[in-house]
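Hey, can you work out the whole structure from these sequences and the hints?
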Amino acid sequence: MSTLNSRIPEGPISEKWTNHKNHMKLVAPNNRPKIDVIVVGTGLAGASAAASLGEMGYNVKAFCFQDSPRRAHSIAAQGGINAAKNYQNDGDSIYRLFYDTIKGGDYRAREANVYRLAEVSGNIIDQCVAQGVPFAREYGGLLDNRSFGGTQVQRTFYAAGQTGQQLLLGAYSALSRQIGLGRVKMYHRHEMMDLVKIDGKARGIIARNLITGELERHSAHAVVIASGGYGNVYFLSTNAMGSNVSAAWKVHKKGAHFANPCFVQIHPTCIPVHGTNQSKLTLMSESLRNSGRIWVPKKKEDAEAIREGRLKPTQIAEEDRDYFLERRYPAFGNLVPRDVASRAAKERCDAGYGIEANDTNEGVYLDFATEIRNKGRQSAFAQGDHNPSEEKIIELGKKWIEEKYGNLFQMYQKITDDNPYETPMKIYPAVHYTMGGVWVDYNLQSSIEGCFVTGEANFSDHGANRLGASALMQGLADGYFVLPYTISDYLANDIRTGKITTDSPEFEAAEAEVKLQIERFLQNKGTKSVDHFHKRLGLIMWNKVGMARNEAGLKHAIEEIAALREEFYKEVFVPGDANEMNPELEKAMRVADFIELGQLMAVDALHRQESCGGHFREEFQDSEGETLRDDENFKYVAAWEYQDGDATKAALHKEALNYEYIKIAARNYK
Amino acid sequence: MASKFINITLKIWRQKNTTAKGGIETYSLANVSTDSSFLEMLDQLNEQLINEQKEPVAFDHDCREGICGMCSLYINGRAHGPETGTTTCQLHMRSFADGDTIYVEPWRSRAFPIVKDLVVDRSAFDRIQQAGGFVSVNTSGRTMDANAIPIPKADADKAFEAAACIGCGACVATCKNGSAMLFVGAKVSQYALLPQGKVEAKDRVLNMVRQMDEEGFGNCTNTGACEVECPKGISLENIARMNREFLTASLTTDK
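Each protein sequence line maps, in turn, to chains B and L. Sequential numbering of the first sequence, starting at 42, is according to my numbering. Sequential numbering of the second sequence, starting at 1047, is according to my numbering.
Honestly, I wouldn't trust all of these hints.
The calculated lysine-lysine pairs, modelled on BS3-like cross-linking and capped at a C-alpha distance of 25 Å, are [what the hints assert, rightly or not]: (1) B:K455 with B:K439; (2) L:K1100 with B:K576; (3) L:K1199 with B:K440; (4) L:K1062 with B:K556.
Anything over 10 Å on all C-beta distances counts as not near chain B; from chain L, calculated [as the list claims (entries may be wrong)]: (5) T1055; (6) A1076; (7) A1295; (8) L1297.
Keep in mind that the hints were calculated from the coordinates and are not lab data. In this text, a Cβ means the ideal position worked out from N, Cα and C, and glycines have one as well.
Given below as structure tokens:
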């Protein structure tokens, strides 16, 4: 077991990034066009990186599997983006955003990276406004803010419930500009199939053209992986259908360590599961917890009556409702961090108070009645009506809600056929975000030289639990403001390298390997669909490597996934040919990687004998059911090295986490 | 809501690739939950086809929550199906009845060639964006403070409403002229309404319209079908604004 060098610069934390920037190597403008960079993925992290590198003058090739870079799943982020602007003058600062992020991550994130993230957060907002991103504004014309779970300040910038869309379209516009200028070459409907390493360095990729099926060789002096998270290992998640781990996993198999794979965020406010043909889960933005109150009935018989359709939630009297977050966490109430809120909902449903009539009775209410009343009254007063009627209050309250959350309410109604203005929303936790990912140092470089990893695909900033509105911040910080510096430092050594040929044995071997895997799938004489196996993998993961984990379950999961893997290669049927558009083949290649990742997640969860953030081991909880961290033994990043062609045999490397600027403490939201 | 199960007949456009000749194929599908989305129904059909060792139907989709704009489909003669303000992925089978026959076709437009089955190539939209759909500011982070220029809330809101376009192409597919003016108008409007976008407003509208014409999109004859079928409710106002911008730019620019 070796220790990892995270290359954190010397000096006080507030000066590390500036000092580091001052001392990094640069590539002169006349040398940049001689250098090629590949960027895989065009979400916030990838599009911002590709655009920035293109502006600097590098030759950039960007890849996305969708039909356009604008489709990347960053687009679906709803609630907002954090920045330590302190426009609301409520005590926010870079330090406090840094502190909240470390604490929210349950003291499992790297201090120096998180501080840098907080430090550049303000620039992100400046940059986006300059690009024409239409953030929400107040009547005075200045930017509006709201608060999000796990914080006590208003630092979240937003654009209705479509913040991710607006930020991604901003990054996409910057990327489009560079494509138009010929500085970025865009390869849409292309999937990275493998990383090509030459002399230990990342020097290119094998990509598959998803329209023609052709395998292509692309060389570069550095490769940036910005391919997002791996939540789809659970089959059901809030991720897009195409979101996958393959780029990150291929890099892992080629030598990059994979860090904290068991740290998965289960988001508390998603629409509950409806049936077996369900393909994905839909998130209802956490911002709704600013206005909604979460509850279940106090009496089991009421919960049962609701499930059977004999009672409606609006018929349950106030005193018969259990606002369990307000009860358990009075200081933060409905705004506790996501992992805490999710577990509390699970606890109530496991105890028999769930209100949804699905197989597992899993569902709780998110109720807007109180807020409709409060805001309705405020709006009436603002209009000069100091004695508003009941109807007027409700009418104005609903209008206020519509302005703030209209699109979310509409989406909810479309999916469930229920009107959330009249009856509370039904919600339940679902897999949403993965904090774990490819291990990177302070420069965002993985353990493979020249292979950089940004955004959700890396592990670095969110510890064991991500705070709301921080994913967008990290994606753009990495791509706009961190990577362009650190990658130049690396590329400075490549100004004399010259064009890298794709006719080398390394490219040849990588392509042959991909070809072999494709042929193997297409020639397999199986009878079951890829989805059949993916769904089974998802169930194992959700039940045993999900919101609550224990030793016996994890050991079972490891065995079950190994058996599933064997069956998958024997029994899967992939129709069609290699040289055409073949969505089933694409899925098969992705599921093969998900299966191996699932094994590693279970191994990681089994090894981490503590509870922290999204990782809840049932053996490690206090008398009130809160997580029990073990800082003495587990205050480290678990970085796994792939070996012996078997994900379960990965070697563990530890990166010790030192907290010099934050006093480490039990996380308390009471 | 109590879920029901329905049996349906599907008439689906199948086409091997861009150059092959396509045609309608008929499929029967039983036990479709009315809580399923339209795409989940297609998943169910594909599962059935795979189990019969047949090739599944290719269709574009990704986020399945109505925001990425990747899903398309002409359903019973309407872009994104019978509901208004809804993408295909947010259309649910409760909108259909037991025994229904449902026609599913790809977007129909000269500028969106068919790739396979129900999948079309919408990269023309990307090229229009590349021609001018941006503010030319580098990503230095060293711009002015975000609050340095106050923007009237009404302008910011209107810019946002225009920027809510998801680029799905329903406007083009539904337009009898195959016009992309709602799409282009929305992008032009977003920037024209914001001080940050005004600097390059003239060049932007001229360049984007030029590219739009080069891609082979038709002209606008004000039938308003695009607005009706737009899943995000993008307003015709944006076309009017683009025309105004275009006219002003054409008359006052030196080029």
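Hint check:
no., hint, verdict
1, B:K455 with B:K439, "18 Å, holds"
2, L:K1100 with B:K576, "21 Å, holds"
3, L:K1199 with B:K440, "17 Å, holds"
4, L:K1062 with B:K556, "22 Å, holds"
5, T1055, "18 Å, holds"
6, A1076, "12 Å, holds"
7, A1295, "18 Å, holds"
8, L1297, "24 Å, holds"
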